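Let the sequences and hints guide you as you build the complete structure.
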Amino acid sequence: MVKYRRMKNMDSEEPRAPSRLSIVSRNSSNADCHSQFSEEEFQRDLHKKPNVVGPGGVPLPRQAELNAMLDGDQITVMCFTWNIAAKPVSGLNSLSELFAKVPHDERQDVIAIALQELPTSTIRFHNDMVAIVQKALDDTHRVYCWVRKWSQMVLIFIRKKLSLYASYPEYQFVATKTLASPFRTKGAIGVCFRLLQTTCVFIACHLTHGKVKKRISDYAKLSKLFDFRMLKTSSEVPDTPMKQADFLFWFGDLNFRIQRKDAAEIIKSELEEKLFKEKINFDFLLHHDELTVEKTKGLIFHGFREGIITFPPTHKFYRNTNQFVSNRIPSYTDRVLYWSRDPSAIYPIRYDCVWALTVSDHKPVYCTFKMRVLRKRNDASGSVYTNLTSSNSATSPSAKSCY
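Residue numbering for the sequence shown is -14 to 388, as defined by the working numbering.
Warning: the hint list may mix true and false statements.
What the hints assert, rightly or not - Here are the simulated SDA-like cross-link-like pairs (lysine to any residue), alpha carbons at most 25 Å apart as the crow flies:
hint, residue 1, residue 2
1, LYS145, PRO40
2, LYS282, VAL197
3, LYS146, HIS32
4, LYS145, ASN312
5, LYS120, ARG92
6, LYS282, ASP224
7, LYS280, ALA249
8, LYS162, PRO104
9, LYS196, ASN312
10, LYS146, LYS280
11, LYS145, LEU55
12, LYS198, ASP247
Just so you know, the hints here were simulated from the structure itself, not pulled from any lab data.
In this text, all values refer to a predicted model and were calculated from it rather than measured experimentally.
See below:
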């Protein structure tokens, strides 16, 4: 079996040569990252696979395995983001219950969870957080990896069978300020990996509040500094290095606000009269949404797409209620955007918030997708997709790198 490299940590506020970081056990409270490759159960399952690997050192499945894992050439993906407002794990059991109640066959193949404003006073928060979500998903998914940087965290779960065909993850953390604060850290965690024939990047972020130009500046910095070595396989020079991947998901508390002072009264009236009774059109608010406006101008998230918003603003609420704070303009701060090299290779299925969760002043937001993970090929053969099990598609089994 190919010998994989370890997860790489490029944790820096300014560009510098990446430093190595060993995979650590989740039992260590000082750990800031963990991947499935340090788990004995995963290693046992991995070594049962044929000694044939493809690009990125990823084992190649047989056709029968592909048929069992995929819906044709596609998998499902969920990006879930929640600013938990420093709530302790004991107050977040509702998150575990939310995932646990989803039937096994309806769970997405890849589930990425971004959390912001973790309680910094609890050094083992990430261990406890992983444990409660893993308990809900353990029958079907593995913890592929998690990364915590101060008050931000990202967790990625992959279906157990599918997780055997993922490369080692590579991650970076980039702070938006030269000196990052451990409290309400502004910046982003990026995770990059190969899954079957595709490369994926997940960016979980918390951008700066205040004037909109700060968030535009945050985006420009993050786009420039996220630069994964796994993706350096092309001579193309995209507008951001991350766009050398096949799929890019950017989600989190983006902190963009609605610039309409009467929004609170309009929303209150609309919700009281129509919510849960009939579908509400929130387009009138999105015309005043900073992200929508700046994206239309071409100043931010060029080429990214977003699902249609059909839910109320997700910030700011009085805690333990569904009531907006009276002196603040309700806003769509929590968002999920996506980009793909081939626009036809992915499409959103559902974009929504979880209205019932009230422990934070934010509502969780999620988007689910269908995503193609087998590459089309245009040749004279009878097969539409590249044959993963062909010996011609595999790199040498003695390859030492996962990228």
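- prompt: Taking only the CA atoms, is the gap from LYS146 to HIS32 under or equal to 25 Å?
  reply: This hinted pair holds, its Cα atoms lying about 13 Å apart.
query: CA of LYS145 to CA of PRO40, is that 25 Å or under?
result: 21 Å, holds
query: Keeping to a limit of 25 Å between CA atoms, is the pair of LYS145 and LEU55 held or broken?
result: Cα-Cα ~13 Å, so holds.
- request: For the pair we were handed, LYS282 and VAL197, check the Cα-Cα distance against 25 Å.
  value: Within the cut-off at roughly 13 Å; holds.
- request: With a cut-off of 25 Å on the C-alpha distance, tell me whether LYS282 and ASP224 pass.
  value: 16 Å, holds
- prompt: For the pair supplied as a hint, LYS145 and ASN312, is the alpha-carbon distance within the 25 Å limit?
  reply: Not OK: LYS145 and ASN312 at ~47 Å, beyond 25 Å, violated.
query: Are the Cα positions of LYS198 and ASP247 separated by 25 Å at most?
result: 23 Å, holds
- request: For the pair we were handed, LYS120 and ARG92, check the Cα-Cα distance against 25 Å.
  value: 14 Å, holds
field: Hint consistency between LYS196 and ASN312 [alpha-carbon to alpha-carbon, up to 25 Å]
entry: 18 Å, holds
query: Regarding the pair LYS280 and ALA249, is the alpha-carbon distance no greater than 25 Å?
result: 24 Å, holds
- request: Could you grab the alpha-carbon distance between LYS146 and LYS280 and see if it respects the 25 Å cut-off?
  value: 38 Å, violated
message: Does PRO104 sit within 25 Å of LYS162, going by the straight-line distance between their CA atoms?
response: 20 Å, holds
Hints 4, 10, counting from the list given before, are not met by this structure.
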